Every structure is written in C-alpha cells, then in structure tokens.
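Sequence order for the protein chains is A and B. For what it's worth, this note's numbering labels the leading residue of the first sequence as 1, then goes sequentially. For what it's worth, this note's numbering labels the leading residue of the second sequence as 1, then goes sequentially.
Simulated from the structure, these hints should not be mistaken for laboratory data. Treat each hint with caution, since some may be false.
Covered, in the sense of this in silico footprint (three residues per stretch, anywhere, with C-beta under 8 angstroms from a C-beta of chain B), are these stretches of chain A [as the list claims (entries may be wrong)]: (1) 294-300; (2) 377-383; (3) 452-462.
A quick note: this is a predicted structure, and the numbers were derived from the prediction, not measured. By construction, the Cβ of each residue, glycine as well, lies at the ideal position given by its N, Cα and C atoms.
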Amino acid sequence: MRELQIEKLPVARGRPLVGVTITLALVALAWAARVAADPLLPSGFPYVTFFPAVIVTSFLFGVRLGALSALLSGLLAWYFFVSPVHPFDLTFGAQVALAFYVFVVATDLALVHWMQTANQQLVRQREINRNLAESKELIVRELQDRIRERDEAADDLLQSQVQTQLATRTAGIGLWQWNVRTGEVHWDRTMFELYGMTPTPDGLVRYADYIASLHPGDAAAQDAILHDTVATCGGSQREFRIRRSDDGSVRHIRAVEIARPGADGAAEWVVGTNLDVSDQRNREARIRLLMEEVNHRAKNMLGVVMAVAKQTRAPDHDAFMVRFAERIESLAASQDLLVVSQWNGVQLESLAHAQLSHFRDLIGSRILLSGPSAPLLPSAVQTIGIVLHELATNASKHGALSNDQGRVTVRWELLPGARPDRFVLHWTESGGPPVVPPSRLGFGSTVIGKMVQMSVDGEVSIDFAPTGLSWRLDCPSANVIGDERPLDMQPGERP
Amino acid sequence: MTARILLVEDEAFIAMLLAEGLENVGFEIVGPCASVARALSVLDQPDCCDAAVLDANLRGESALPVAQALRARSIPFVVTTGYLQSQLPDALATATILSKPIRIAALVAELERLLGRR
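Sequences and hints are given; from them, build the entire structure.
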C-alpha cells in the first residue's frame with residue numbers, strides 16, 4: 001500500500017539532534033526576518049515572523065519541538081520586539097501581547113497536535129486493517145487447505161472402506177465389534193450370513209444371542225476367552241463350532257480379535273473377524289479318514305496275501321511262485337477295479353473281463369458272458385474275482401479251455417421274486433476233455449467252495465459231469481450287489 | 001474239553017487261515033461269521049462258544065453290536081483290525097487288540113490267556 005507523504009509527519013522521529021537543529025535554525029531565521037522586516041512593520045506585530053516558524057516546526061517535528069520553538073520565539077519577540085524592547089518588562093502591554101501570543105501558538109500547537117494524532121491513528125487503523133485483511137486471507141487459505149485435506153482423507157477412507165468391504169465379502173470374512181461399556185455387539189452383513197441369521201436393521205446383536213448361537217460344547221470356553229480378552233485388553237486367535245440359526249448345521253469358525261483400550265487403559269472395544277473354515281476342516285477330516293482307510297485295507301490285504309501264501313500248495317518253489325503270483329495278480333486286478341470305481345459299483349462283467357484277461361481273445365467266441373447289470377459290493381469284488389480266477393485256471397489246466405474247442409458260459413441272474421432277493425452265478429463248461437473229479441482238494445477247491453460260501457453266506461453246487469464242469473453259486477443278493485453310487489465316506493464314520 | 005472259538009471275520013481268506021491255525025492247535029471253530037447279523041444269530045444260541053475272535057469291521061459295518069453282545073454274555077474276545085487302536089470305538093478299543101496281519105501264534109497265546117483267566 002502506498003504511504004501518503006502526510007502520514008510521514010512528524011519527520012525525524014528518533015533523530016532529535018536534527019529536529020532541534022532545524023528548530024533552532026527556523027527560530028533564528030524567524031528572528032532575522034523580524035529584524036529585517038522591523039523598519040517596514042507598524043508597531044504592534046512582535047510575533048508576526050515567529051508564528052510561521054512555530055507552525056512549521058510543530059508541523060514538521062511534532063508538538064514538543066513546536067513548543068520549544070514557541071518558547072524561544074516568545075522570549076526572543078518579548079525581548080527584542082515587545083515594547084519596551086530589551087528588558088523583560090512585564091508591562092500591561094507586554095502582558096496582553098504575551099497572552100495573545102500564548103493563545104495563538106497554543107491553538108496552533110493544539111491543532112497541529114490533534115491533526116497529527118488523528119493522522120497517526122489513521123495510520124495505525126490502516127495498519128490494523130491491513131493486518132486484518134492479511135490474517136483473513138491467511139485464515140481462508142488455511143481453511144481451504146484443511147477442507148481439501150479433509151476431503152482427500154474422506155475419499156481415501158471411503159475407498160479403503162469399499163476395498164475392505166469388497167475384500168472381506170469376497171473372502172467371506174465377517175467383521176464384528178463389541179462395545180464393552182454398552183454391551184452392544186455390531187455385526188456386518190457377512191457375519192449374519194455366516195451364522196445364518198436375518199440381519200437386524202442396525203446390525204446390532206445381543207451378546208447373549210451370539211453366545212447362544214455357538215455350539216453348546218464350545219460356548220462356555222469361547223465366552224471365557226472373550227472375557228479374558230477384555231480383562232487383559234489383549235487379543236486371541238481361536239477356532240470353535242457354531243450352530244447356524246437357519247438350518248442348524250454345525251460350522252467351524254476361525255476367529256481373530258483384539259481389544260482396544262479407552263482413555264483409562266481398560267478395554268473399551270473388542271473388534272474381530274470370523275471366517276468359516278468348515279470346508280477346509282471337512283477336507284482334512286476326509287483325507288485323514290481316507291489315510292486310515294488305506295491303512296486298514298492295506299493291512300487287510302497283507303492278511304489275505306499271507307493266507308493265500310499259506311494255502312497255495314505246489315511240488316516245488318518255482319511252481320509255488322507261479323501259482324502264488326497268479327493269485328496275487330488276480331487280487332491286484334480286483335483292487336484296480338475297486339480303485340477305479342472308488343470302492344463301489346464294480347460291474348460283474350468288468351470283473352469277469354479283468355479276471356479272464358489271459359483268455360481275452362476267446363471272450364465272445366468260446367467264452368460267453370451274460371447277465372444283467374450287476375454292480376458289486378466292495379467286499380464281493382475280491383471274492384468273486386478270485387473265484388473266477390480259480391475256475392479259469394482250472395479250466396485251462398483240466399477243463400474246457402485246455403483244448404481248442406471247449407466252451408465256457410458265465411451267466412448271472414438277479415432273482416427279485418424270492419425273499420430275500422437272490423443272486424445266482426453259473427460257470428458252465430462244455431466241449432473239454434472228459435471230466436475226472438479231483439482226487440485231492442487244493443486251494444482252488446477251497447476258494448470256489450468253502451471260502452465263497454462263507455464270504456457271501458451262499459450255497460455252492462459243483463457237478464463234475466463227464467461232459468463238463470458245472471459250478472453254481474446262489475446267495476442273498478444283498479451280500480453281493482450294491483449300487484453304483486461311489487462310496488461317500490463322511491467324516492466321523494468309524495469302523 | 002475242547003474250547004470253542006467263535007470266529008467273526010468277513011475276509012474269507014483270513015477267516016480260513018485263522019480257522020485252520022486254531023484247529024491245528026486243538027480249538028473247535030464256531031463260524032466263521034462274515035457279518036454282524038450272522039454273528040448275532042450265532043450268539044443267540046445258548047452256550048455257543050467259550051471265546052471269540054472279532055474283526056472290528058464287517059463288510060463296512062462296525063462290529064460294535066457283536067462286542068456288546070459278547071460282553072453281555074461275559075464271553076472273552078480278541079479284536080482284530082487293520083485300523084489303529086485310536087480309531088476304534090471305546091467298547092472295541094478296551095478289548096485286547098491284535099493288529100492285522102495276524103500271527104496265529106500270537107492269537108493262540110492271547111486266547112489261552114483269556115480262557116485261563118475265566
């Protein structure tokens with residue numbers, strides 16, 4: 001802002017020597033001018049040149065030097081120009097002249113002083129106004145900055161909220177907070193979904209309702225853990241089971257929470273997350289169950305191998321190894337089918353193909369398979385498998401498959417009329433060499449006789465007719481036939 | 001007097017092996033039974049046996065009802081299984097467990113111990 005010249009008055013503030021010198025010079029100049037003008041002036045104007053000096057001095061240097069100038073001018077005029085001149089005689093005339101002088105200069109000084117004070121006040125006022133304006137501008141700028149920062153922070157917060165919500169919803173993580181002081185528990189939407197509850201409008205849930213939704217076996221422990229979290233103002237990670245409110249299903253929840261202290265350091269809020277880990281738990285349980293099942297079946301199979309080894313008879317070690325290996329091969333073929341069918345629903349026809357694989361070229365010509373769909377129980381697969389193996393081995397050594405013309409018919413029937421339903425399997429040979437009943441019962445005879453009867457609670461009839469061997473198994477179909485549904489083991493099933 | 005042993009085992013080869021082994025040392029075999037129903041019907045007959053060898057799993061079914069029937073009649077029994085002891089229900093796990101595959105000598109020794117205790 002441009003400063004007016006008049007606002008600089010009085011000048012030479014802080015430089016008293018300059019002011020005093022100029023003041024004295026002006027007084028001296030006024031005196032000289034009066035002396036010079038004396039012959040021209042009529043009597044009665046002793047102060048005429050001193051008034052301008054006083055006014056100029058006070059105008060330029062302020063009231064103090066103005067007063068000094070007035071005093072000196074008064075004394076000079078009194079001494080030199082008020083009649084009688086030279087002595088400081090206080091005659092009546094001198095008194096009137098002095099009084100007049102005092103009145104005029106006092107008025108002058110007062111006016112100049114008043115004007116300068118007003119002027120200074122104006123300057124100060126202007127200064128204050130300028131400062132105010134600057135402050136105002138500063139404040140407005142500051143406010144704008146703060147508003148922008150707050151808007152940006154709010155934007156960031158909103159974005160982070162959206163991201164958090166998206167992340168937790170995608171991951172199925174429920175968020176909750178518990179105001180310890182008021183006892184209010186607040187859930188987000190995912191929490192309600194996890195617990196199978198209808199969301200409340202304000203998301204509020206009673207603590208007691210929450211505890212009641214936990215699995216009865218876990219509720220007390222979880223209540224204790226939560227209260228411990230509050231008491232220690234700590235946090236915890238835990239897993240527990242809940243009962244969903246909508247369908248009553250038991251779910252496994254992994255929870256993490258942390259207590260936040262209030263001003264007094266005691267827990268004020270507990271915030272936490274819940275995640276349904278049931279699928280993972282079930283998978284783990286299923287894998288554990290499968291491992292246990294594999295262990296069980298492997299050991300069972302070792303028992304079977306031991307039994308087969310014990311009962312395989314042969315004249316020498318080489319012959320033993322051949323027969324033993326064939327039987328192990330038969331067991332392995334049945335095992336393969338069980339694994340492929342996931343332990344259920346192996347079709348009898350597939351089993352026959354597998355067990356007669358040495359004669360696969362004859363199937364359809366000299367070996368005829370016929371029968372309805374017959375999905376076998378896992379327990380029957382191995383038994384029927386080894387029976388077919390022993391019958392085929394016998395036929396290739398002594399029966400219809402030991403020459404070039406013999407035929408074998410494998411036929412099975414499901415007879416639903418009887419109670420219980422029956423399953424019948426026929427093995428009929430023809431066209432082979434004349435049949436001679438065996439003199440000694442070996443392992444094969446045991447398998448196709450005693451073993452299979454015991455295994456399926458069935459009846460076996462064997463006819464060593466000279467035209468060909470005829471073998472027949474008749475048993476309750478429930479002991480042999482299952483359904484085609486893959487065996488679905490549920491966690492918790494135990495032997 | 002020959003002790004009669006009820007053999008409950010669904011795996012026919014193993015049943016035959018055990019039956020043969022036990023008969024060789026002078027036991028008389030009742031069964032073998034391959035199912036829970038079959039075993040329970042044999043147990044319904046009075047004074048059917050002196051001891052039992054019980055497979056824990058019969059055609060996918062738990063042998064627990066057979067174990068309870070044996071307990072009710074105070075007939076001592078040995079449980080055979082391919083499962084771990086920890087996987088068995090308590091009523092089976094508290095009995096003497098022989099893990100498959102079974103050695104005949106171990107089974108005979110256990111049965112004689114049980115019969116001697118009576």
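Original post:
At a Cβ distance under 8 angstroms, does chain B reach at least three residues of the stretch 377-383 of chain A?
Top reply: holds (count 4)
Original post:
Per the coverage rule (Cβ-Cβ under 8 angstroms, at least three residues), is the stretch 452-462 of chain A covered by chain B?
Top reply: holds (count 5)
**OP:** Three residues minimum, CB to CB under 8 angstroms: does the stretch 294-300 of chain A make the cut for coverage by chain B? Let me know.
**Re:** holds (count 6)
In terms of the numbered hints stated before, the structure departs from none.
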